[in-house]
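In order, the protein sequence lines correspond to chains A and B.
Counting in the numbering used here, the first sequence runs from 39 upward without gaps.
Counting in the numbering used here, the second sequence runs from 85 upward without gaps.
To be clear, the hints were calculated from the coordinates, so they are not data collected in a lab.
Note that this is a predicted model, so its numbers are computed, not measured.
Treat the hints loosely; a few may be bogus.
Here are the simulated lysine-lysine pairs, DSBU-like style, with alpha carbons at most 35 Å apart [what the hints assert, rightly or not]:
{"#": "1", "chain 1": "A", "residue 1": "LYS175", "chain 2": "B", "residue 2": "LYS438"}
{"#": "2", "chain 1": "B", "residue 1": "LYS458", "chain 2": "B", "residue 2": "LYS370"}
{"#": "3", "chain 1": "B", "residue 1": "LYS458", "chain 2": "A", "residue 2": "LYS259"}
{"#": "4", "chain 1": "A", "residue 1": "LYS158", "chain 2": "A", "residue 2": "LYS337"}
{"#": "5", "chain 1": "A", "residue 1": "LYS125", "chain 2": "B", "residue 2": "LYS466"}
{"#": "6", "chain 1": "A", "residue 1": "LYS118", "chain 2": "B", "residue 2": "LYS502"}
{"#": "7", "chain 1": "B", "residue 1": "LYS459", "chain 2": "A", "residue 2": "LYS125"}
{"#": "8", "chain 1": "A", "residue 1": "LYS125", "chain 2": "B", "residue 2": "LYS476"}
{"#": "9", "chain 1": "A", "residue 1": "LYS419", "chain 2": "A", "residue 2": "LYS390"}
{"#": "10", "chain 1": "B", "residue 1": "LYS476", "chain 2": "A", "residue 2": "LYS118"}
{"#": "11", "chain 1": "A", "residue 1": "LYS100", "chain 2": "B", "residue 2": "LYS458"}
{"#": "12", "chain 1": "B", "residue 1": "LYS502", "chain 2": "B", "residue 2": "LYS121"}
{"#": "13", "chain 1": "A", "residue 1": "LYS125", "chain 2": "B", "residue 2": "LYS438"}
{"#": "14", "chain 1": "A", "residue 1": "LYS125", "chain 2": "B", "residue 2": "LYS347"}
{"#": "15", "chain 1": "B", "residue 1": "LYS121", "chain 2": "A", "residue 2": "LYS99"}
{"#": "16", "chain 1": "B", "residue 1": "LYS466", "chain 2": "A", "residue 2": "LYS99"}
{"#": "17", "chain 1": "A", "residue 1": "LYS494", "chain 2": "A", "residue 2": "LYS510"}
What the simulated footprint calls covered on chain A by chain B, stretch by stretch (three residues with Cβ under 8 Å from a Cβ of chain B suffice, anywhere in the stretch; the number is not a length) [as the list claims (entries may be wrong)]:
{"#": "18", "region": "71 to 81"}
{"#": "19", "region": "167 to 181"}
{"#": "20", "region": "263 to 274"}
For each residue, glycine too, the CB sits at the ideal point set by N, CA and C.
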Amino acid sequence: MISDVVRKTYTPTIGIECHVQLKTITKLFAAVGNDARDAAPNTLVSHICLGMPGALPVLNKKAVEYAMRVAFGLNVAPQKYSYFERKHYFYPDLPKGYQISQLSQPIILGGSVNLELNDKHKVVRINRVQLEEDAGKNTHPQGKNYSLVDLNRAGTPLLEVVSEPDIHSPAEAKAYARELWLLMRYADVSDADMFHGNMRFDVNVSVNKDPNLLGLRTETKNLNSFRAVEKAVEYEIKRQIELIEKGQIIVQETRGWDDAKQKTFSQRSKEEAHDYRYMPDPDIPPVVLDDYVVESVRKSMPVMPIEWRRRLAGLGLDRLVIETLIDAQAETPEANYLPFIEENLAEVAFSKFIVNHIVNTIDPIRKETSRTASNWDMYLKDIYDLQHTNKLSSTNAKALLVTLLSSGALPKDLAKYAEEQGFIQVSDEGEIAHIVSKVIKTNPKAADDIKNGEEKAVGFLVGQVMQNSRGKANPALAQELIKKQLDV
Amino acid sequence: MSGWMPIADIAKQVNAGELKAAEMVERALKVINNNKKYNAVIATMPDRANLRAKELDERIANGEYTGLLSGVPFIAKDNFLTFGSETTAASNILRGFNAPYQATAIERLEAEGAICVAKANLDAFAHGGSTENSDFMVTKNPHNESRVPGGSSGGSATAVMLDMAPFALGTDTGGSIRLPASFTGAVGLKPTYGLVSRSGVVAMASSTDVIGPIARTVEDIALVLEVMSGQDELDSTTIDRDPEPYTSLDRISLNKVKVGVIKEHMGDGVDADVRARIQATIELLKNSGADIRELTLPSLDLALAAYYIVVPAEISSNLSRYDGQRYGFSHRDATSLEESYNWSRSEGFGREAKRRIMIGTYVLSSGYYDAYYKKAQQLRTKLIDEFNQAFKAVDFLVGPVAPMTAFKIGENTKDPLKMYLADVMTVGVSLAGLPAISVPVGVDGDSMPVGVQLIGQQKNDRKLLSLAKEIQGLMS
Numbered sequence: 039m040i041s042d043v044v045r046k047t048y049t050p051t052i053g054i055e056c057h058v059q060l061k062t063i064t065k066l067f068a069a070v071g072n073d074a075r076d077a078a079p080n081t082l083v084s085h086i087c088l089g090m091p092g093a094l095p096v097l098n099k100k101a102v103e104y105a106m107r108v109a110f111g112l113n114v115a116p117q118k119y120s121y122f123e124r125k126h127y128f129y130p131d132l133p134k135g136y137q138i139s140q141l142s143q144p145i146i147l148g149g150s151v152n153l154e155l156n157d158k159h160k161v162v163r164i165n166r167v168q169l170e171e172d173a174g175k176n177t178h179p180q181g182k183n184y185s186l187v188d189l190n191r192a193g194t195p196l197l198e199v200v201s202e203p204d205i206h207s208p209a210e211a212k213a214y215a216r217e218l219w220l221l222m223r224y225a226d227v228s229d230a231d232m233f234h235g236n237m238r239f240d241v242n243v244s245v246n247k248d249p250n251l252l253g254l255r256t257e258t259k260n261l262n263s264f265r266a267v268e269k270a271v272e273y274e275i276k277r278q279i280e281l282i283e284k285g286q287i288i289v290q291e292t293r294g295w296d297d298a299k300q301k302t303f304s305q306r307s308k309e310e311a312h313d314y315r316y317m318p319d320p321d322i323p324p325v326v327l328d329d330y331v332v333e334s335v336r337k338s339m340p341v342m343p344i345e346w347r348r349r350l351a352g353l354g355l356d357r358l359v360i361e362t363l364i365d366a367q368a369e370t371p372e373a374n375y376l377p378f379i380e381e382n383l384a385e386v387a388f389s390k391f392i393v394n395h396i397v398n399t400i401d402p403i404r405k406e407t408s409r410t411a412s413n414w415d416m417y418l419k420d421i422y423d424l425q426h427t428n429k430l431s432s433t434n435a436k437a438l439l440v441t442l443l444s445s446g447a448l449p450k451d452l453a454k455y456a457e458e459q460g461f462i463q464v465s466d467e468g469e470i471a472h473i474v475s476k477v478i479k480t481n482p483k484a485a486d487d488i489k490n491g492e493e494k495a496v497g498f499l500v501g502q503v504m505q506n507s508r509g510k511a512n513p514a515l516a517q518e519l520i521k522k523q524l525d526v
Numbered sequence: 085m086s087g088w089m090p091i092a093d094i095a096k097q098v099n100a101g102e103l104k105a106a107e108m109v110e111r112a113l114k115v116i117n118n119n120k121k122y123n124a125v126i127a128t129m130p131d132r133a134n135l136r137a138k139e140l141d142e143r144i145a146n147g148e149y150t151g152l153l154s155g156v157p158f159i160a161k162d163n164f165l166t167f168g169s170e171t172t173a174a175s176n177i178l179r180g181f182n183a184p185y186q187a188t189a190i191e192r193l194e195a196e197g198a199i200c201v202a203k204a205n206l207d208a209f210a211h212g213g214s215t216e217n218s219d220f221m222v223t224k225n226p227h228n229e230s231r232v233p234g235g236s237s238g239g240s241a242t243a244v245m246l247d248m249a250p251f252a253l254g255t256d257t258g259g260s261i262r263l264p265a266s267f268t269g270a271v272g273l274k275p276t277y278g279l280v281s282r283s284g285v286v287a288m289a290s291s292t293d294v295i296g297p298i299a300r301t302v303e304d305i306a307l308v309l310e311v312m313s314g315q316d317e318l319d320s321t322t323i324d325r326d327p328e329p330y331t332s333l334d335r336i337s338l339n340k341v342k343v344g345v346i347k348e349h350m351g352d353g354v355d356a357d358v359r360a361r362i363q364a365t366i367e368l369l370k371n372s373g374a375d376i377r378e379l380t381l382p383s384l385d386l387a388l389a390a391y392y393i394v395v396p397a398e399i400s401s402n403l404s405r406y407d408g409q410r411y412g413f414s415h416r417d418a419t420s421l422e423e424s425y426n427w428s429r430s431e432g433f434g435r436e437a438k439r440r441i442m443i444g445t446y447v448l449s450s451g452y453y454d455a456y457y458k459k460a461q462q463l464r465t466k467l468i469d470e471f472n473q474a475f476k477a478v479d480f481l482v483g484p485v486a487p488m489t490a491f492k493i494g495e496n497t498k499d500p501l502k503m504y505l506a507d508v509m510t511v512g513v514s515l516a517g518l519p520a521i522s523v524p525v526g527v528d529g530d531s532m533p534v535g536v537q538l539i540g541q542q543k544n545d546r547k548l549l550s551l552a553k554e555i556q557g558l559m560s
């Protein structure tokens with residue numbers, strides 16, 4: 039094991055490639071369904087996906103539009119001129135013997151991703167983003183002398199996002215992966231479902247004692263969670279430093295990630311690397327983007343996380359709260375959490391009330407039930423008003439909201455509904471006085487303590503009153519009446 | 085003389101009920117059967133053809149109009165995907181392949197009532213200029229059985245000249261329609277790149293592959309082009325067709341036409357007989373008032389070199405899909421994926437396909453790309469510029485299709501370079517994507533046909549057909 043002292047003498051440098059599956063209805067070059075998640079093998083295929091003789095690719099315009107959206111999400115305009123190239127290699131999941139990809143003139147060059155870390159703001163530059171087709175999937179049944187090929191995924195549009203080597207720690211790598219995920223969700227171009235492999239990360243890691251030089255790098259491929267990105271980078275940094283400290287050399291190679299063992303392992307070295315013999319694809323004319331099309335896409339862009347952070351910071355919210363909101367919006371964009379907050383930004387207290395309930399009530403329920411209640415935003419203002427006119431305790435405000443969310447009820451008159459459901463706070467002096475005298479009678483010791491000047495005992499009796507009223511008593515009024523009845 | 089009426093007349097009479105589509109099919113199949121020794125046809129599709137004929141005749145009996153090509157039999161080069169028989173591209177690796185869809189060109193012809201009756205022989209995957217590279221058999225020239233018919237659409241041209249059908253389809257990547265048309269005395273059109281959809285045609289080199297008709301007359305060619313041409317959503321390289329029908333061939337007033345003679349194509353490398361026939365054609369044009377000018381395209385001499393880099397590169401890529409895993413020939417003895425790939429491709433591909441895969445793989449390899457592929461593409465750009473310059477001065481270019489007439493079977497098979505020289509006058513046009521047509525202009529001393537090559541500007545296919553029609557008139 040290496041010590042932290044030794045470790046700190048090395049600068050790790052990390053660049054990340056991320057493959058994002060676009061959620062187009064059809065494939066990148068074929069009029070065939072693109073959502074392979076629940077499809078039986080080889081049911082989403084046409085002569086194009088199968089690489090039949092004479093089959094020609096026809097570019098999906100929606101995929102180009104999505105690429106443009108990603109460009110703006112990365113703070114850069116898409117390239118006005120780009121074209122596709124063929125990358126050649128033989129494998130059964132690649133029916134044509136080449137993958138249609140981009141090398142010389144990709145659709146996005148440059149751009150940046152803004153990371154919010156605990157202690158700092160960081161910008162990771164983007165080198166390029168290329169539009170390409172995914173391959174199929176091979177499976178190798180245990181103990182059989184054959185392999186199976188499923189071409190449902192063959193031809194799914196992918197964006198490969200290539201970062202500059204601007205990342206220097208496992209935490210930054212994880213934050214970058216999350217930020218890309220947010221970006222794809224906000225730009226509304228990918229389901230970005232990590233479980234189904236909609237986003238896959240390859241991390242290039244090297245270490246060097248001289249922060250101005252790069253060491254030999256390894257590439258760990260096919261990481262499909264933020265945590266795996268963090269852990270694989272962590273592991274590689276340690277492994278490489280240990281090798282160097284032992285005087286051994288680092289082999290430039292492709293590595294895999296064993297999630298069970300939390301280790302990277304060698305897959306193939308550079309000597310075995312392919313010559314892909316790239317050439318422009320003569321079947322697909324270059325993509326030339328009209329200015330007005332680019333402009334209309336730019337105008338259709340939603341508010342992105344970086345801007346939401348700025349707007350939410352204006353409310354004086356805690357960073358973690360802001361990030362929870364950013365995540366919640368990404369996970370359930372249809373709920374429109376953030377736009378709702380924004381609509382009410384003028385009323386600071388109410389918007390903080392909304393934030394509090396999204397973070398502590400609404401979103402936890404959404405996560406538990408895997409769905410967003412359609413009425414989540416309908417009664418927040420009413421509940422807020424009831425609470426601030428002392429008709430609802432904060433506890434009951436939450437309880438009322440939970441009831442509404444889980445029942446899906448749509449009462450016309452919320453005050454009446456809250457009353458019926460027994461949430462309304464009792465502020466009737468006579469009724470509370472009656473409970474107070476009952477409580478004093480059944481708790482003589484506490485009453486004596488209060489008379490003897492023990493203020494703590496007041497709290498105890500208020501608690502008893504609340505219990506006896508099943509939470510409905512106005513606690514401030516209860517306290518006042520206790521003191522009055524005991525003459526203190 | 086042709087045993088078939090003009091295509092337009094056949095369709096008219098079939099639509100009128102005066103001729104039966106069934107009779108047309110029967111006749112075509114009979115002629116095919118009687119001429120098997122020429123090896124023009126790989127397979128016939130009597131069942132499907134008869135069924136389609138029967139349907140057409142029934143629809144006509146019900147008073148329906150059934151299209152511009154109703155009841156007209158045709159033969160497709162076997163690199164067109166069709167129903168009704170296998171599609172092999174004359175290669176062992178595709179032997180037994182039944183297409184799951186049809187080429188757009190075939191669909192469009194069928195929609196106008198044409199009936200595909202057979203599949204023509206070709207150089208395997210269209211790699212060649214003599215039809216000797218077929219993995220199955222060598223097609224013989226209809227005028228002399230010891231000679232080649234040219235290629236790679238040799239089966240198609242031979243079929244037309246033997247009256248097996250009024251027209252046939254070919255593909256032209258570097259001369260594969262024009263050369264066999266010239267060698268057999270047929271008319272063969274290579275349209276502007278992109279005018280006819282390539283969807284469903286086994287790809288050779290995607291950036292120069294075009295689809296075109298071979299027939300006896302310019303009028304027949306024009307009608308077939310009329311039906312096949314235009315944008316296709318299955319091929320993004322297709323272009324808009326001419327807004328005017330291709331069949332409305334303007335009478336070109338020859339005394340207004342400016343025709344450029346390509347100097348590089350009239351030199352010593354051209355057989356004297358060929359040069360004489362082309363020169364005589366040019367004289368005829370001149371006597372009819374055409375403005376004849378000699379032109380030079382300096383890069384044209386390098387076109388063949390550029391072509392045999394760009395095209396094999398695309399071939400090596402396009403043939404990657406034939407890997408024995410999904411369709412076609414798959415080696416049954418292979419015990420691993422590696423063996424399956426190696427053995428299926430080694431045994432499935434013929435010598436010429438392998439030669440081109442090797443060249444193409446080499447020129448695309450890391451470290452060689454810039455020296456070969458990129459340089460060849462630069463030359464291609466320069467060549468296009470020179471053609472554009474030429475077309476500022478003249479309306480058409482004229483020259484031979486090939487420096488020779490049909491050579492003897494086996495004469496060039498040992499020397500691939502000599503074989504490639506047959507393409508020297510056609511490949512430049514292919515690299516530039518221009519329309520060109522071969523029109524027969526007489527025979528040489530051995531009675532073998534000579535074709536003149538007329539070249540037009542991109543998208544000027546209709547004008548080019550008009551000029552071809554004038555020359556056809558001057559010859560008769």
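Tested hints:
no.	hint	verdict
1	A/LYS175 x B/LYS438	holds (29 Å)
2	B/LYS458 x B/LYS370	violated (41 Å)
3	B/LYS458 x A/LYS259	holds (32 Å)
4	A/LYS158 x A/LYS337	holds (30 Å)
5	A/LYS125 x B/LYS466	holds (27 Å)
6	A/LYS118 x B/LYS502	violated (45 Å)
7	B/LYS459 x A/LYS125	holds (20 Å)
8	A/LYS125 x B/LYS476	violated (39 Å)
9	A/LYS419 x A/LYS390	holds (12 Å)
10	B/LYS476 x A/LYS118	holds (31 Å)
11	A/LYS100 x B/LYS458	holds (32 Å)
12	B/LYS502 x B/LYS121	holds (27 Å)
13	A/LYS125 x B/LYS438	holds (20 Å)
14	A/LYS125 x B/LYS347	violated (41 Å)
15	B/LYS121 x A/LYS99	violated (51 Å)
16	B/LYS466 x A/LYS99	holds (32 Å)
17	A/LYS494 x A/LYS510	holds (22 Å)
18	71 to 81	violated (count 0)
19	167 to 181	violated (count 0)
20	263 to 274	violated (count 0)
In the structure shown, a violation is registered for the earlier hints numbered 2, 6, 8, 14, 15, 18, 19 and 20, in ascending order.
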